[in-house]
Amino acid sequence: MNRRKINVAVSGLNNIDSPGPGIPVIRALRESKLFNPRIIGLSYETLEPGLYMHDIVDKSYQVPFPSAGISAIKARLRYIHSIEKIDILIPNFDAELFNFIKLEKELYEELGIRMFLPTLEQFEERHKANLFEFGKIHKVKVPYSRMIFSVAEVPSLVTDFTYPLVVKGKYYDASVAYNPEQVETHFNRLSAKWGLPVIIQQYVFGQEVNVTVLGDGKGNTIGAVPMRKQYITEKGKAWAGISLDDKKLVSIARKLIKSTKWRGGMELEFIKTSEDEYFLLEINPRFPAWVYLAVGCGQNMPESLLSLALGEPVKPFKNYEKGKMFIRYSYDLIVNLSEFEKISTLGEL
Amino acid sequence: MHIKKNIAISDSGFIFNPSTGDSFSTNPIGLEIIKMLKDGKSREDIKEAILKVYATDQSTFEKDFYDFLIMLQNIKIIETDEQKKN
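Chains W and S, in that order, are what the protein sequence lines are. Here the first sequence is numbered in numbering that gives the first Met the number 0, starting from 0 and rising by one per residue. Here the second sequence is numbered in numbering that gives the first Met the number 0, starting from 0 and rising by one per residue.
Don't read these hints as lab results, they were simulated from the structure. Mixed in with the good hints there might be a few duds.
[Claimed, not checked] Pairs of lysine-lysine residues, derived as DSS-like cross-links and limited to a Cα-Cα distance of at most 30 Å, are as follows:
| hint | chain 1 | residue 1 | chain 2 | residue 2 |
| --- | --- | --- | --- | --- |
| 1 | W | K135 | W | K4 |
| 2 | W | K321 | S | K3 |
| 3 | S | K51 | W | K228 |
[To be verified] What the simulated footprint calls covered on chain S by chain W, stretch by stretch (three residues with Cβ under 8 Å from a Cβ of chain W suffice, anywhere in the stretch; the number is not a length):
| hint | segment |
| --- | --- |
| 4 | 1-15 |
| 5 | 28-34 |
The C-beta atom is built at its ideal place from N, Cα and C for all residues, glycine as well.
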């Protein structure tokens, strides 16, 4: 079968101890039976390992941080597009999604670059700060949560919560606090790193289980694979995981996709209690870094996302392999200084 | 007591619960008992089979067998008739 040539720009090349999904997404695309992609890496830092993985990424470009604003990223993309003729762009960072969602229509109309992203309403609705309300609307259990903007609010938390509770950063990061002093410590660390508000969530005892999902934007689930982390790093990231035979969890994910009409990839993070109740902890509005496990289980969701972005019909996956594991490893890339120099000075590699 | 339907049991004594992702290893006697449970044998049948082959007395076996079943229940490998209905 002829694999169609296509130029795909991908961000999230930080394949580090807290990895971005870029490299796993690219690996999935490289294994596509439909597409033969040329991969254009988009990086924010000069030490993102993906920049130097030349068998994975064909060409890389530095892009401005999301805080630089929409016009800065647009100008940079216009330049990259003039050279690379990007067909599809897959952003993989939560923090950059707002800009890309805003740019989706413009980039397509002006440059012909396609994306397949959630709508701004979907993106905002599932935000950590809004998740409790989201749960009420879409009929999924969510632990009670509340935003706080100052440490002065910490003493009043006892009226709404019982300890332990979870202190969460605006975009990333979460820590469990067993007393008000620990809440203050976590608040200061998280607000300095990710800004305000900080989210306080009731701690739920149980087993964490996650699902990677792809929605077609019309309420249909194209793929869904549940996973349990078997080994967790100090940063709370999965170092090993296993696909589960959990029909109830997949059914909850499907119902959520139907109810939200989610467009694009997402990761649902749940706690499963000993009574087999599922509490939604978080929705990440893009594929997780472990999405390659789904490929290993028979669901190449990044490939399907390309087809969806092109407006082509996609058959939903019906099955996946259960009990399939992933185990991460670290690997030392040997890099010539000239390469580091090139990306540092010219912003291209 | 029943072994849950989707539990995978290998001849090496490796047990995998695909619903939870948990895996366990058991020794040959544990494996033998699990296989008999899977075949739908009653507690009495299992007791009789083990006492016939192994040099142990009835009360020691019953105590160990009871502990083993509780453990299998805790790690969600077996379920009661009541749990099966739910």
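Hint check:
1. K135/W to K4/W: violated, 44 Å
2. K321/W to K3/S: Holds, at roughly 16 Å.
3. K51/S to K228/W: violated, 43 Å
4. 1-15: holds (count 3)
5. 28-34: violated (count 0)
In the structure shown, a violation is registered for the earlier hints numbered 1, 3 and 5, in ascending order.
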